[in-house]
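S.K.: Chain residues, written in single-letter form:
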Amino acid sequence: MKVAEKNIQGAAVCDAPNSQENIEKGLALVKYMIVGILFGIVFVKAEIISWFRIQEMFRLQSFHMYGVIGSAIITGIISIQIIKRFNIKTIKGETVNIPKKEFRKGQIIGGFIFGLGWAITGACPGPLFAQIGSGFTIVFVTLISAIVGTWVYGKFANKLPN
Amino acid sequence: MNQFIDWITQPWPWYVAGPMIGLTVPTLLLIGNKTFGISSSLRHVCAICVPAGIPFFTYNWKKEMWNMLFVVGVLIGGFIATNYLANPNDFILADQTKADLTALGITDFSGLMPSDIFDWSVLFTAKGLLFFVVGGFLVGFGTRYAGGCTSGHAIMGISSLQWPSLVATIFFMLGGFVMTHLLLGPLMSLVGF
Chain D
12 MKVAEKNIQG AAVCDAPNSQ ENIEKGLALV KYMIVGILFG IVFVKAEIIS
62 WFRIQEMFRL QSFHMYGVIG SAIITGIISI QIIKRFNIKT IKGETVNIPK
112 KEFRKGQIIG GFIFGLGWAI TGACPGPLFA QIGSGFTIVF VTLISAIVGT
162 WVYGKFANKL PN
Chain X
264 MNQFIDWITQ PWPWYVAGPM IGLTVPTLLL IGNKTFGISS SLRHVCAICV
314 PAGIPFFTYN WKKEMWNMLF VVGVLIGGFI ATNYLANPND FILADQTKAD
364 LTALGITDFS GLMPSDIFDW SVLFTAKGLL FFVVGGFLVG FGTRYAGGCT
414 SGHAIMGISS LQWPSLVATI FFMLGGFVMT HLLLGPLMSL VGF
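If you read the protein sequences in the order shown, they are chains D and X.
With the first sequence counted from 1, adding 11 to any position gets you my numbering.
With the second sequence counted from 1, adding 263 to any position gets you my numbering.
Check the hints yourself; a few may be wrong.
Reference excerpt, derived from the structure (chain D facing chain X, CB under 7 Å, subset only) [said to hold, decoys possible]:
id, residue
1, Ile48
2, Val53
3, Thr153
In silico negatives: residues of chain X with every beta carbon more than 12 Å from chain D [said to hold, decoys possible]:
id, residue
4, Met264
5, Asn265
6, Gln266
7, Ser378
8, Gly455
Calculated directly from the structure, the hints in this document are not laboratory data.
Note that the Cβ used here is the ideal one computed from N, Cα and C, for glycine as well.
Work out the full structure: start from the sequences and follow the hints.
M.R.: Spelled out as C-alpha cells, the structure:
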C-alpha cells in the first residue's frame with residue numbers, strides 16, 4: 012500500500028514538474044508564456060489543432076501528423092543527448108534534471124482512455140487551449156469537462172488499478 | 264516583407280512544425296529546468312480551485328505556475344495565428360478522409376473544425392454531450408491516469424528515452440484507432456448524425 016501510494020504520487024508530479032531550485036515569480040514567469048505563444052502559433056499554422064487532421068491520422072490517410080510527432084521526437088532526442096553529452100547547464104547554472112517516469116498500469120488503461128477521447132474531441136490538452144484561442148470558443152466546454160475528468164481521477168486515484 | 268508574410272501564412276509543413284515543437288523540450292529545460300507537459304495544467308486548475316482535501320490535489324501548485332502561464336501562452340498563440348497569420352487559401356483535407364466523414368454525416372469542410380460539431384448551437388444536444396462532455400472527460404481522466412498526454416509522454420518522455428512513455432503513446436494511438444474505426448460511426452449515428 013505504501014509503495015502504491017508512493018507510485019501514484021510520484022507519477023502525479025512526473026508529467027511536467029519544475030526542477031528549478033531558484034524560485035521564480037512574476038515577470039520571470041513571462042518567458043514561459045512567450046514559449047507557449049510560439050508553441051500555440053505552430054499548433055495552428057501546422058493545423059495540428061484541426062479535428063480533421065486527427066481523423067486523417069487515425070484513418071492513416073495522411074502522413075502529416077506522423078511527420079509532426081515523429082520529427083518532434085527526433086529533435087527532442089537529439090537535443091537532450093546534446094545537453095547530456097556536453098553537460099549544458101540552465102541559464103541559472105543548474106544541472107538539467109529530467110525526472111524518471113515509473114511504469115504503471117495507468118499508462119496502459121489511462122492511455123487507452125485518453126486515446127478514445129482524443130479521437131472524439133480531435134484534441135489532446137495542448138490543442139484544446141489553441142482551439143479556444145483560435146475562436147472555437149465552444150471548446151471551452153470540452154476544457155471544463157477535461158478538468159472535471161482530471162478531478163474525478165484525482166478523487167478515485169487510490170481505488171483504481173495502478 | 265510581403266513575401267515573408269505570404270510564406271508564413273501558408274500551412275506549415277510537418278518538417279518545419281515538428282522540429283519547432285521538439286525544440287520546446289530543450290528550451291524549457293534550459294530556461295528554467297522545466298519538463299515539458301501540458302495536461303498537468305488541468306491538474307493545477309483542480310489544485311487551485313477545488314482541491315477538496317484530496318491528496319492528489321494537495322501540493323505546492325504555486326511552484327508550478329509556470330505551466331499555467333505556458334498554456335495561457337498557447338491560447339494567445341492560437342489567437343495570434345488565427346487572426347494575424349491566417350491561411351488565405353482553402354483548407355485541404357485528404358479525399359478519402361473527406362469521403363469517410365461525409366458518410367458519417369459531416370457536411371462542413373471549409374475550415375479547421377467542422378461547424379456541424381464545433382458550434383454553440385450543438386451544446387445542449389446529444390451531439391454536444393458526446394463531443395464536448397464525454398470527449399473532454401475522457402481526455403482529462405485518461406491523461407491524468409496515464410500521467411501525461413501527447414506532450415508529456417509522446418514528446419518529452421520518448422525524447423528522454425523513457426520506455427513507460429512509449430507504452431503510454433502506443434495505448435494513446437490504440438485508443439484513437441479503436442474509437443475512430445469501431446466506435447465513432449455508431450456513436451455519431453446514435454447522437455443524430
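S.K.: Confirm or reject each hint.
M.R.: Structure-based check of all given hints:
no.: 1; hint: Ile48; verdict: 4 Å, holds
no.: 2; hint: Val53; verdict: 5 Å, holds
no.: 3; hint: Thr153; verdict: 4 Å, holds
no.: 4; hint: Met264; verdict: 18 Å, holds
no.: 5; hint: Asn265; verdict: 18 Å, holds
no.: 6; hint: Gln266; verdict: 17 Å, holds
no.: 7; hint: Ser378; verdict: 10 Å, violated
no.: 8; hint: Gly455; verdict: 15 Å, holds
When the structure is compared with the earlier hints, a violation turns up for hint 7 alone.
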